[in-house]
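**Student:** With the hints as your guide, set chain W onto chain Y.
These are the residues of each chain, in order.
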Amino acid sequence: MKRRSFLAAAGSAAGLAMMPRMAFAEANRIDWFTSSDQNVMDFWTNVVKPKFEAANPGVTINLVDGGDNAGLQAIAERAVAALQTKTDPQADFFEGFDARQPVGAIEAGLWTDFSQAGLSNYSKLNPLGIDIPHNLPYRGSQVLLAYDTTKLSPEDAPKTWDDLVAWIKANPGQFIYNRPNKGGSGGNFVRRAIFQVNGNDPSKFEVGNYTPEKGEEMLAPAWALLNDLAPSLFEQGAYTSGNTQSIQLLSQSAVTMIPAWSDQALQAISQGVLPETTGLVQLTDLGLPGGFTRITLPTNAANHDLALKLADFILTEEIQSAVLTELGGFPGVSWDHVSAELREKFAAIVPTSIPVFPGGDWEKAINEGWYRSVAPNVDPNS
Amino acid sequence: MTTGAPALPAPMPDVNVKGRGPMGLLLVAVPVFLVIWMVIWPIISAVVRTVWLEDETGAYGISLRSYAFFFSDRYSLDNLSLTLWTTGVTAALLLVVCLPIALYLRFARGPLPAYVQGLAIFPMFVPSIILSYAFIRVLGPNGMVDLILNAVGLPKIKSPYLTPWGPVIGLVWDNIPLTVLILLAGLGAVSNQSIEAARDVGAGPLRVFWHIILPRIGNSILVAISFAVLGIFSAFTLPYVLGPAAPEMMGPFMQRTFRDLYDPLNAITQAVVAFGFCLVFGLFYVRSVAKNRAP
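Residue numbers (the working numbering), protein chains in the order written: chain Y, 1 to 382; chain W, 1 to 295.
None of these hints come from the bench; they were simulated from the model.
Check the hints yourself; a few may be wrong.
[To be verified] Quick list of the computed label-pair ranges, beta carbon to beta carbon:
id: 1; chain 1: W; residue 1: LEU112; chain 2: Y; residue 2: ASN46; range: 45 to 53 Å
id: 2; chain 1: Y; residue 1: ASP88; chain 2: W; residue 2: VAL39; range: 46 to 54 Å
id: 3; chain 1: W; residue 1: LEU154; chain 2: Y; residue 2: SER203; range: 39 to 47 Å
id: 4; chain 1: W; residue 1: ASP78; chain 2: Y; residue 2: ALA220; range: 50 to 58 Å
id: 5; chain 1: Y; residue 1: GLU318; chain 2: W; residue 2: SER45; range: 31 to 39 Å
id: 6; chain 1: Y; residue 1: ASN56; chain 2: W; residue 2: SER45; range: 38 to 46 Å
id: 7; chain 1: Y; residue 1: THR284; chain 2: W; residue 2: GLY282; range: 57 to 65 Å
id: 8; chain 1: Y; residue 1: SER115; chain 2: W; residue 2: ASN150; range: 37 to 45 Å
id: 9; chain 1: W; residue 1: SER45; chain 2: Y; residue 2: SER115; range: 44 to 52 Å
id: 10; chain 1: W; residue 1: ARG109; chain 2: Y; residue 2: ASP65; range: 49 to 57 Å
id: 11; chain 1: Y; residue 1: GLY58; chain 2: W; residue 2: ARG65; range: 51 to 59 Å
Quick reminder that beta carbons are idealized off the backbone N, C-alpha and C, glycines included.
Extracted from the complex, chain W is given alone in its bound form:
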């Protein structure tokens, strides 16, 4: 979050030192108020609504029964574990795909990298619903890939459509731009001199990557992964269109519980559970930002 005090502009000459405190507070008041109103308050309200429940006698009291149901219900747990599996696999694949792209963009010379960068950023401009249908056309059964394979006499692929791999492939594609951009920003901190120095003493490309580049971009990797994970965990469209009917990811599961089963209590419980997991990754991000800010 950028609502902290360092966002303040330089003090104006006519403002005396005593008046700066309230002035700064006033400037951050609107964003802080918005965050409290639209983010913090809904979280508190959701948690309260899932633990402050009416019992059989009609009296209200603290009860964890909706959480007990969630964590004892095989179906809900399957959905949660599918979500964690999808998030983990997608994040790992993202890193494998994006790190080489970012390294190429950072170190290559000439006109080609500009086109590669354009291509890497392109998914950002494709809405996920369009991506989903394109996916069915290309990777779906008898899709374009199958047609091409068939034309050269090869067997068809086993289509990932309607399996857990469908959303994984879609989400990796969808998250490439943000991850590449963050990694690229991190790679900007790696100076050419240090790499040249390492090369001069005889370090090969792998050694340069492992001992010079990786230590400097560890933080960016952490930030990129936390951003991707937050997005993937709450993904809706891609898992809904491309994934299996069951188990389903938390996004479609919450939506279905709320809209098709008219069951707000369990839907909010699912949301709070999902929030708990995202909080862990959010804390990673906050910690890394705080570490960078420290003098």
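If we strip away everything but chain Y, and leave its shape as in the complex, we get:
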């Protein structure tokens, strides 16, 4: 072979090797995506995956961090497109998603209806968590206020929104919440402020009822409320860029109170990241929003049957008890279906109601509005 033709052949072979490979879902491998934080990823890696794989030889779970809700949204949109072209979506399992997204996906038949899917543990679910049958609630958590009991005694901890505002203003620099698009603890604090200026009525907000006029009318007063708080926040209006950073500031005793996810706060306390003297309190007029974390399964997934099996598996008492003990969340099944001993121990975080805020266009409007109207109060030269 002449050298030049050899080079041409080698070059084109190299070029072919560099072309994007066609990827196919592997048989017996559940491609699993999450929008949750690292603690949930750890829970799946260390608890669910080994137990499930031991119970089902030959099956593996491919745990992938999808980043956040927007990340899963992009993968779900790909699954919708795959549904239309009858191709493989390469995603079997969504952790921490909402079947109402992308809009129209349920009507298109993308998401599995769990009430019809024949899960043996479906009847055990906590009725508080069931909203639509295409979402499978398997763990709950709620944003609450974590505070330093050495600086604020539990009797004086705020119990209502008005108490909280009064406390923040009376103790300037001692409260911080994170940016609403970067971790739900700050995001749900902002949403609680939005509920406050809308008569504490969560039913006014639905995933499909956003309009620009409505957004302006219902969100602008909340921005005014939050702007009013800003000078009394840490560094006269600084906002951390994630749940973890807020916890870090509380642990460094730089602030006295933060909004935090119940599961992250409990885990931080049990691991010693937050001291034993950390107190947790929920507002009683209307709690900070939270919710059940849901599983959605695309019907067109290559390993749909295995994904259903996994969904059923995580509703077993074994895994649901681990949600409490390992993750610090509350179970997705009714409390009758966890052991009596655990029921007793965790009585304090058993929720009676959890206000929920919808995603979709509202989320986008909140992210945009907060950054433009509330965040810039930080003086860049301070």
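**Tutor:** For chain W alone, kept in the frame of chain Y given last:
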């Protein structure tokens, strides 16, 4: 870029002069193709996607409205000016910090410089996310610096965390290795004889630096600064974790526009604007390389 013709190996004896042209082209074809495919094409596609827009009637046409929005929107302009401010301050600080280190490493004798060099290169091996959290622990409120100050009875520092100075400090630390290495390479071109000659006629250290060393390493300084500026302008992790919520640097701003606001058009517009600024520094670099290559 090293894809130019001088990268060719010496011609082999059996290749006649006529065959060298196509052969050389073939050898550079793969890298050139890769650059066109993965760099040039995305740039063209981004520019086209931001100017070839659908109007109200659904017809496509050339429109500069996304740029008009960017340059008339106070919020976007604040972000751009914060990015330029951060880039300028960080580049200036880098030079102030790295030039003495590089001079020391070039002229000091003995075993100590090896350790200093190791220390100066160390930041290269620390991922920026780890750096960010370490920064909060050390320079953050009630961090290590505060604890030490407190222990000796001094007041706490005003923490740079969540202010524009947070990313500046982090980015300076992060960019020290590359800048020191480039400056050090440039200092290699300064001969000991010329310095000794200057000393012999009575030049002090400052004069030697100003008249002998600086003229020879001007080019390296330019290269080091353009490299640092390109990295700083598009920095993401450090400004995201350490900087204020608003104004934000272009990196976090683009990411947020794209992912949290589902607004690819404005995100790409921001990217093209950022690219325009980086292009200026890229041209500095190309010009200096071309000047060096000229016979």
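**Student:** Compare the structure with each hint and give your call.
**Tutor:** Against the structure, the hints:
1. W:LEU112 x Y:ASN46: 45 to 53 Å: At roughly 46 Å between Cβ atoms, ASN46 of chain Y and LEU112 of chain W fall inside 45 to 53 Å, so the hint holds.
2. Y:ASP88 x W:VAL39: 46 to 54 Å: violated, 31 Å
3. W:LEU154 x Y:SER203: 39 to 47 Å: Between LEU154 of chain W and SER203 of chain Y, where Cβ atoms are some 55 Å apart, the hint is violated.
4. W:ASP78 x Y:ALA220: 50 to 58 Å: violated, 21 Å
5. Y:GLU318 x W:SER45: 31 to 39 Å: For GLU318 of chain Y and SER45 of chain W the Cβ distance comes to about 51 Å; the hint is violated.
6. Y:ASN56 x W:SER45: 38 to 46 Å: holds, 45 Å
7. Y:THR284 x W:GLY282: 57 to 65 Å: holds, 59 Å
8. Y:SER115 x W:ASN150: 37 to 45 Å: At 60 Å between Cβs, range violated.
9. W:SER45 x Y:SER115: 44 to 52 Å: holds, 45 Å
10. W:ARG109 x Y:ASP65: 49 to 57 Å: The hinted range 49 to 57 Å holds for ARG109 of chain W and ASP65 of chain Y, with Cβ atoms some 50 Å apart.
11. Y:GLY58 x W:ARG65: 51 to 59 Å: Since GLY58 of chain Y and ARG65 of chain W have Cβ atoms about 56 Å apart, the given range 51 to 59 Å holds.
Hint violations for this structure: numbers 2, 3, 4, 5 and 8, all remaining hints satisfied.
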